[in-house]
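Protein chains in written order, with the numbering used here: chain A, 1 to 196; chain B, 197 to 582.
Wrong hints could be hidden among the right ones.
Unchecked claim - Ranges of calculated distance between the beta carbons of each label pair, as one might list FRET restraints: (1) ASP469/B / ASP74/A: 21 to 29 Å; (2) HIS506/B / ARG159/A: 53 to 61 Å; (3) GLU495/B / HIS145/A: 43 to 51 Å; (4) SER6/A / GLU538/B: 37 to 45 Å; (5) SER445/B / ARG90/A: 34 to 42 Å; (6) ASN67/A / CYS224/B: 40 to 48 Å; (7) VAL130/A / ASN499/B: 33 to 41 Å; (8) CYS240/B / ARG90/A: 49 to 57 Å.
Stated by the list, open to error - Among the chain B residues that face chain A by a calculated CB cut under 8 Å, a handful are: (9) THR428; (10) PHE471; (11) ARG528.
Hint data in this document are derived by calculation from the structure and do not stem from the laboratory. These numbers come from a predicted model, not from an experiment. The beta carbon of each residue, even a glycine, is placed where N, CA and C say it ideally should be.
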Amino acid sequence: MSQDLSFISQWVKANSRVLDLGCGDGTLLAELKQRLAIKGYGLEIDPVSIEQCIAKGVNVIEQDLNNSLHNFPDNSFDTVIMTQALQAMRYPHLVLDEMLRIGSECIITFPNFGHWRARLYLSIFGRMPVTKQLAYQWYDTPNIHFFTYRDFEVLCRERNIHVIKKQFVGERFPDRQLKNLWPNLFAETAVYHLSK
Amino acid sequence: MSLNYGQNSVGLVTAEKVLIDTPLTLACGTVLPSHELMVETYGCLNTDKSNAILICHALSGHHHAAGFYEGDDKPGWWDDYIGPGKPMDSNRFFIVSLNNIGSCFGSTGPTSTNPATGEAWGAQFPPLRARDWVESQKLLMEKLGIDRWAAVIGGSLGGMQAMRWSLEHPDKVANSIVIASSMRLSAQNIAFNEIARRAIKSDPQFFNGDYLKQGAAPRHGLALARMIGHVTYLSDELMGQKFGRELRSGDFTQGESAPIEFQIESYLNYQGDKFSGGFDANSYILITKMLDYFDLAREYHNNPVEAFSHAQCDFLVISFSSDWRFSPQRSREIVDALIGAEKNVSYAEIESDQGHDAFLLPNPRYEQVLAKYLSRVADQLEGQAT
């Protein structure tokens, strides 16, 4: 289990209702179901991912996150999760609002574009970074909003979103040693636990 | 012999007439002291009788869902999805397909004899509701010695039965698979059904539903009813692709006076005539009304979440993008209610230009979704068995 997923499983309560936006192949929900006996549902639009969820016995609903989430009532879930997908949303701030409307709490993970490797790539090569985590060319990437740890902090402050907890992921040297000291430079991924 | 039908066909099949001699009290209050059901089965029931799948047919369906009858070159209506290695895998499941009461393919219905009068029921056949089909299927289930369906599956009206099963007999269903269906028909849907009924009743050969006694049949009315229905089961896009404005006869050249017929006219007339030769008009009226009356949550304070809170099974819901008779939105409502009731549910919206008929037709993604879901059901059953 990757580090960001292990943070998530610490923050989700046992037997709670979990909605995973962009649930992929259902790995996270399957893990949470097994460990914490959650009642989970994932939203996904990729046909192959949907089949993988079904094969795993993970509840998956075909629904595009860029369309309305109005079919989910206010506070109908304990936790709404979105891993590594906020940067691919058409309007990330509105999706964030929706997540906080539907869930009592939210967990968001996103790639920190302020990471030194991305900065170095852009400043030395003068080209948009292509990293292991964001392995796309600028023209074919689904990641249409690049933002940093600090950008996200500002957004939360502006929208009065309460940060319950945050964690930083960076596995390699010197990230592992420095990520908590200087997250905007050394965290590859940020993991946020939020509420209204 | 079965080799001729291909490796993934259930091969040669025969239907069996099953007598249900337990009285069946219908929703309208009428009691059928006994009734007969035409039944086909595919595959083998396992020793703990846990691998049975019930197929629920739609408006014009019947028991012949898969395989071939002796001498036929066309297989049953859901043959693309039932057979060895197919989504409803007859190597792993025991699949039960029946013709429901009120229909006209050999099961008790308007064309069979009313024991009270010694004459055909005709228009006197009692009105039916989807739950009556469910109760009749439950009696068949008991007769077959099955205690719990591994899955109840159906498209359109069949999906309504699959949902009703989950509420009426929650402990008897492990999985409910609801395809291209709805918790209740829209006004537009009821309107189309009423136009179809009016078409039948306006046929002079209808004789107020007593045409059998007169040795007649409202063929024109029934053909018209089917033509209306058929248009609503296809998408505009598909009709455009298939027929466009192609002419079957005549042309628009100046000076030409031969009558002009579009391909779509000829196709629809053919479909209507074919259907009216094989279906009973009273059955058509009866079953379209059954569709209109269906309202899953009526007795649950019109609250679908409350309704589904009574279910114990898991659900798979499937819709098709170009289906405007039972649109994806109707399926999403089912899914939302199931999530509200905290039931296990997965939902796939299959891209298709085939309209409502898509649930009967080959489609790789639809096949995969069904296959993945059912193969997990079978894995679980076989895991338990060993």
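Hints, verified against the model:
1. ASP469/B / ASP74/A: 21 to 29 Å: violated (55 Å)
2. HIS506/B / ARG159/A: 53 to 61 Å: The hint (53 to 61 Å, Cβ to Cβ) is violated, given that HIS506/B and ARG159/A are roughly 40 Å apart.
3. GLU495/B / HIS145/A: 43 to 51 Å: holds (48 Å)
4. SER6/A / GLU538/B: 37 to 45 Å: Violated: the Cβ-Cβ distance is about 26 Å, outside 37 to 45 Å.
5. SER445/B / ARG90/A: 34 to 42 Å: This hint is violated: roughly 52 Å between Cβ atoms.
6. ASN67/A / CYS224/B: 40 to 48 Å: holds (43 Å)
7. VAL130/A / ASN499/B: 33 to 41 Å: violated (52 Å)
8. CYS240/B / ARG90/A: 49 to 57 Å: holds (52 Å)
9. THR428: violated (24 Å)
10. PHE471: violated (33 Å)
11. ARG528: Status holds, d = 7 Å.
Against the hints set out earlier in the document, violations occur for numbers 1, 2, 4, 5, 7, 9 and 10.
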